[in-house]
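J.: Each chain, written out:
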Amino acid sequence: MRRSFARRRFQSMYDISDEDLTFEDSYRDSDEDVEDVEDEDDYVDDDDTDLDFTDVVAGKDHKKNYEVDFVVHSIEGIVKNQDDEVTHVSNILGIQKQHTATLLRHFHWNKERLIDRYVEDSTEVLNKAGVIIDNTKTSKLIKVPGFICDICCNNDEDLDTLALSCEHRFCKNCYEHYLTQKIKDDDGNLRILCMANDCNVIVDEETIELIVNKDIHDRYRTLLNRTYVNDKEYLRWCPVPNCEYVIECHIPHISLTSIVPTVECVCTHRFCFGCGLPDHQPSICVLVKKWIKKCDDYSETEDWISTHTKECGKCHSNIEKIGGSNYMTCCKCKYEFCWVCMGPWSKHGTSWYNCDRYDEKTIDAKYKQAESRASLERYLLYYNRFANHEQSAKLDRELYNKTEKKMVEMQQISDLSWIEVQFLKKAVDILVQCRITLKWTYVFAFYLARNDQTNVFEDNQRDLEMAVEQLLELLEKPIEAEIIAELKQQILDKTVYVGSHREGLLEDTAKGLLESRWEFQVDIKN
Amino acid sequence: MSVLFTKRLSKELVDLKINPPVGIEVTEADTFKSWKLTLDGVDGTLYAGERFTLEFRFSPNYPMESPEVVFTGNIPIHPHIYSNGHICLNVLYNQWSPVLSVRSVCLSIQSMLSSCTCKEPPPDNNHYVKTAKASPKQTQWSFHDDSV
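Chains as they are written, first to last, in the UniProt record's numbering: chain A, 1 to 526; chain B, 1 to 148.
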């Protein structure tokens, strides 16, 4: 039933527990075995009534705190999901599938709400959604003697005509023109109405398939899939351009302050299910958003100006002092003043180059400036490290090419086979992954309020950083026949070491988030 | 013009000429691209005795797409008609249906004029006329007043 789904779980390559996988498979299989459509999706909403629930809890103990469960769906899978939901609801409500599909779309695929509302007042639901149910009618093309199409005024004898359940009949050509144009310039809601004036009956899927050509129907299908995925809170398209996989993950939006749901598409792109940005563990979405805004913000430039410059007391130009004595002359207005107290130089009399004219006001201003300077310096410190890891991750990717050459070289000068030199590639993979993690640890640390816990975090961070540098050093070593075996062992060991450190850091941070152990300098609920 | 739809416009034209609605007359219809019609103010309304000219421009997709309809020359003063001739009327834009016709649009506009109780331009006339594109179909209309 669900063979089209590629099952994936974010898992460290060094610690794939078979138990986890078999558990998930058996769990899925048991779901598949139950042919009752009502159980569809229930493993999420309805865990309590599901016998497999105990297994789920047991499974979760194995799972790392920084990992989340997710499934990758292909387009076929998404189409099938819609089909299953339609069949399911169609059976419950006892109405034709094409009409059920229209109703479900009208209710943004919220089947519970549809069923509730339908049971309450089916007439109103049908009216609003633009559906007329008449089981005696199915959309088909027929020839009607003496028919004149109201739109093109054609009255050929063998004209194919079609009417929806509202019985407004038009010729096939007009319908094709109309539907093609509507589908081509779709504005995102896909509510295509009957062509008659003031008629709000929706042209159902079946009719569309009957009328339009294959290209247009494909586009229509694509648009339907798009709205389906957008309507479902637990589905998200892989953000890679032209990648057509959909990730299913049941982390509600409200949990994003305590979980960073990193998922991985079959195209290998790793991203955050919560915000769609590339993987940013261990930083939670809200911190990432604040950080990106901070980096983009012009205000940092203003911060620099306020920290490094002073205003001329007369013309208010910003002046940066790059050397020389305290005796300043504004190059714009020629105002002569003292850099220390900002007062006119004329009052300094004989106390050349020394200013002792401190008063309340200047002390206050100096304090403010110092404060702003300290906060700027702090930001720059974290930013530099963040940017440094980002840059290194890019360089490490270039290392791939070098590594490939190296792998060839290794095969030539030793008796290692292609499979046996794969460890080099794996090492680079881990290296890049660690860089990304490290990069985001600086964002996490930037917003972290200082307490006893911060030291643990910083220790972990430092350890990982050192381990990464050591691994890089090994990878850059030249290859000599006699040391290959030794080098391979060293790299393998270091890769495992680095991987486990990264895991430890992520695990501890994730656990801390779940336990609300971390305190932040900013409000993460907003 | 798509061959599919020339028949439709020919028929509309014949129909308007043989059986014209009261106060509506086709004055220029040499092509299937653009027509001109006159519209007389209905007796007993604020526009009685006045004559206006409507211009219809048809895209190759008419009637799948609505025609572009504007007043030219003498523009009626009306809360939904801008002084550049643009008309704020939902059936000309998002409520268009392919079964509507030149005749039904003219009748809608005539009825819009007839139900007017106070001859005044739209409140945002000056701003709109300054910023509007040549075609009213490029305007994002919002329809909120059904009374006139």
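One or more of the hints may lead you astray.
[Said to hold, decoys possible] Coverage of chain A stretches by chain B, computed from C-beta distances (three or more under 8 Å per stretch; other residues unrestricted): (1) 176 to 185; (2) 489 to 498.
[Said to hold, decoys possible] The list that follows gives simulated cross-link-like pairs (lysine-lysine, DSS-like), each with its CA atoms no further than 27 Å apart: (3) Lys7/B - Lys33/B; (4) Lys290/A - Lys394/A; (5) Lys184/A - Lys137/B; (6) Lys172/A - Lys133/B.
In short, the hints are calculated from the structure, not lab data.
Every value quoted in this text rests on a predicted model; they were computed, and no experiment measured them.
Don't be surprised by glycine CBs; every beta carbon is placed ideally from N, CA and C.
J.: Under the constraints set out in the numbered hints, which ones does this structure not fulfil?
T.: 2, 6
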